[in-house]
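Chemist: Here are the chains, one letter per residue:
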Amino acid sequence: MKGVKLSRDRDGRLCVERFAMWRRVEHVITIIVFSTLVLTGFPQKFYDTAWAATLIELFGGLNDARVIHRVAGITFSILLGLHIAVFVGGVITKRMRMSLVPTPQDLRDAWQNLRFYFGLREKQPRMPKFDYRQKFEYIGMVMGSLVMVATGVFLMWPVETAGVVGGEALAASRIAHSNEAVLALLVIVVWHIYSAVLAPDVFPLDKTMITGKMTVEELKHRHAIEYDRIFPAGEPVDELAAAEGAPAEGTPEPEPKGDGPVGPTS
Amino acid sequence: MTQRGSHRAAAVALGTVLAFGFASGAFAQPGEVDDCMDCHGDAEDDRLELPDGSEVPVQILKQAWDASVHAGEIGCTDCHTGISEYPHPDVQEKDLRGFQIAQAETCKRCHYAHFTKVADSIHYKQFEEGNRNAPTCVDCHGAHDIAVPGEPRMAVDARCAQCHSEISDAYRRSVHGQALLDNNSPDVPVCTDCHGSHQIKDPRKPDFHAASYQICAKCHSDADRMERYGLNPDVVSTYLDDFHGASNALYAEGLGRPDKPMVTCTDCHGIHDIPSLTDADASVVRARVLTTCRKCHEQVPDGFQDAWLSHYPPTLSKAPLVWLVTWFYRVVIPLIMLGLVLHILMHLWRLRFRRPGGQR
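Line by line, the protein sequences are chains A and L.
The first sequence begins at 1 in the numbering used here and counts up one residue at a time.
The second sequence begins at 267 in the numbering used here and counts up one residue at a time.
With the rest of the complex left out, here is chain A:
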């Protein structure tokens, strides 16, 4: 046990905490702000479509839609700033591991996992706390957000921007802002929704980001390296049960997930 919060879910299964309350709140705010930005931004990109007019009208006209887009954009920027500040602060004070930062091992994991998909390997590679798919999405999201925030700021203050980086950068910012938005939305709709909602092994929804918890059993299969890190002695000593003074045997056995392939989330 390395400072990981343990608890039990409704069925009495032992769980580890993967996302603290703040992370889960951050995720919900991000969903709301991202959706608002998409709904007010895409009609401006696809101005000549019928749905664009409908959406703009819904927000009370182009001027109001722009105000909402900018307020949401500023909110998003603050959120991104906080996120990075917390990360940097956490790493400096050594309270946080860089568990979402890609390493060369992730490339090897990806290669081995693809071999597994093609049946060239019997077992899925053992994954760390966050596997390469999650890291890819996370880094993509952070980098994409930086692009969106930077170009968004440029477009919001075009005169000041042109004074600093020149007029051509303004034109490039507009292209980047609109294309990066398309990329972000596509990745969310195709990749994130598949991983967190539609993938057969998590369907109908991977609830980890809602409850913040994952059962120890699931952790063992999906993030074996992290499991070993938390429980170096092997099978978890049910310290929570011991603390509660209740016998661990009284709890129902968690549904075994089997050794099959596992989904890319959580």
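Don't take every hint at face value.
In silico SDA-like links for lysine to any residue, alpha-carbon gap of 25 angstroms or less [unchecked claim]:
#  : chain 1 : residue 1 : chain 2 : residue 2
1  : A       : K123      : A       : A50
2  : L       : K383      : L       : A427
3  : A       : K45       : L       : M603
4  : A       : K45       : A       : I193
5  : A       : K94       : A       : G212
6  : L       : K328      : L       : I433
7  : A       : K45       : L       : A424
8  : A       : K45       : L       : I599
9  : L       : K584      : A       : V164
10 : L       : K526      : L       : F509
11 : A       : K123      : L       : S478
12 : A       : K135      : L       : G605
13 : A       : K129      : A       : M98
14 : A       : K45       : L       : P600
15 : A       : K123      : L       : D473
16 : L       : K471      : L       : N498
17 : L       : K526      : A       : V159
18 : L       : K561      : A       : E160
19 : A       : K45       : L       : T504
20 : L       : K374      : L       : H354
21 : L       : K383      : L       : F393
22 : L       : K526      : A       : R70
23 : L       : K328      : L       : K383
24 : A       : K45       : L       : P527
25 : A       : K45       : L       : D473
26 : A       : K135      : L       : H354
27 : A       : K207      : A       : I31
28 : A       : K123      : L       : K374
29 : A       : K220      : L       : R618
30 : A       : K129      : L       : K561
31 : A       : K45       : L       : Q480
32 : A       : K45       : L       : N498
33 : L       : K374      : L       : P415
34 : L       : K374      : L       : S431
35 : A       : K123      : L       : R618
36 : L       : K526      : A       : P102
37 : A       : K45       : L       : F509
Here are some of the chain L residues that sit facing chain A, going by a computed Cβ distance under 10 angstroms [stated by the list, open to error]:
#  : residue
38 : E310
39 : G520
40 : C534
Because the hints were derived from the structure by calculation, they are not lab data.
This structure is a prediction, so every number in the text was calculated from the model and none was measured.
C-beta atoms are modelled at their ideal positions from N, C-alpha and C, and glycine is treated no differently.
Got chain A sorted already, so can you dock chain L onto it with the hints?
Modeler: Structure of chain L alone, referenced to chain A:
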């Protein structure tokens, strides 16, 4: 022919007579024009004096009438409805303008659809606000010598110039006016092509400004027409793909109104005096872009105009940064999405066909 057949033939014949009667003769009596022309077709310059001292000419040039679109279609009393006998009843109107306005009223008996369009126009609004000189039907179309409207095209300009002479002068200097004057080009616009004829809107309104690019787009996004003059067919699409263009496209659909006007074609190119830029000095043109920017963005630094790529898609030599960003996403978006979709498909494939335990 049977009994019934002959009845039917008679009915058809009667119907034809009635229909024909309504189409042409429901109006004046045949021969009426000739009767009127006996007095009004003289070469003399007879005039009717009105109470205010103004005079209405009462003689009609018969050749002009015969050449008009109405000759053979309607008769004199169809418009001059108050006259059915001789001597004629007194004219009620007190002056010449009043007489013209009253006569124009008779046009809507046949051309009601056009009248309803006029009723929405800036001209009619002026008229309602008490400007008696705002044009009515006869001021543009004439009275007895009405020709096919819009022919010849140069005549349209002459008609509008009766009141809008300064604008007409500017137009005649423009690349459009020159092409019409020199070559009678069918490709350049005359007044009505941009402003409409009957439903002329107030061009000073913000709505008109925001939607005005659509007027230019009618010709300037027509690739065939542009090719005839070696002009860039992308001017409208590149404008719309910019911030201001996309904004005006949405405003033009009635989705709000700009706080201040968003730059559009005429703000850089001029309105009636649009010059040709085919042989223009590029640096002069670029300087003009900056001048236009500063109309709204007062404090912009030199170089701000580089945000506008002059209606051309970015190229590596002209706008390398924009070109790079454009191509980066053109390559990266499909590549990433292809990779992710393949990854998902492989995951599903593994779940379906390579289940541990030996199935399949």
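Chemist: Now look at each hint and say whether the structure bears it out.
Modeler: Hint check results:
no., hint, in the structure
1, K123(A) - A50(A), "50 angstroms, violated"
2, K383(L) - A427(L), "21 angstroms, holds"
3, K45(A) - M603(L), "20 angstroms, holds"
4, K45(A) - I193(A), "23 angstroms, holds"
5, K94(A) - G212(A), "22 angstroms, holds"
6, K328(L) - I433(L), "34 angstroms, violated"
7, K45(A) - A424(L), "43 angstroms, violated"
8, K45(A) - I599(L), "16 angstroms, holds"
9, K584(L) - V164(A), "20 angstroms, holds"
10, K526(L) - F509(L), "14 angstroms, holds"
11, K123(A) - S478(L), "66 angstroms, violated"
12, K135(A) - G605(L), "15 angstroms, holds"
13, K129(A) - M98(A), "10 angstroms, holds"
14, K45(A) - P600(L), "18 angstroms, holds"
15, K123(A) - D473(L), "66 angstroms, violated"
16, K471(L) - N498(L), "29 angstroms, violated"
17, K526(L) - V159(A), "16 angstroms, holds"
18, K561(L) - E160(A), "17 angstroms, holds"
19, K45(A) - T504(L), "13 angstroms, holds"
20, K374(L) - H354(L), "23 angstroms, holds"
21, K383(L) - F393(L), "14 angstroms, holds"
22, K526(L) - R70(A), "18 angstroms, holds"
23, K328(L) - K383(L), "31 angstroms, violated"
24, K45(A) - P527(L), "20 angstroms, holds"
25, K45(A) - D473(L), "21 angstroms, holds"
26, K135(A) - H354(L), "97 angstroms, violated"
27, K207(A) - I31(A), "15 angstroms, holds"
28, K123(A) - K374(L), "87 angstroms, violated"
29, K220(A) - R618(L), "23 angstroms, holds"
30, K129(A) - K561(L), "57 angstroms, violated"
31, K45(A) - Q480(L), "19 angstroms, holds"
32, K45(A) - N498(L), "23 angstroms, holds"
33, K374(L) - P415(L), "16 angstroms, holds"
34, K374(L) - S431(L), "28 angstroms, violated"
35, K123(A) - R618(L), "16 angstroms, holds"
36, K526(L) - P102(A), "48 angstroms, violated"
37, K45(A) - F509(L), "9 angstroms, holds"
38, E310, "63 angstroms, violated"
39, G520, "9 angstroms, holds"
40, C534, "15 angstroms, violated"
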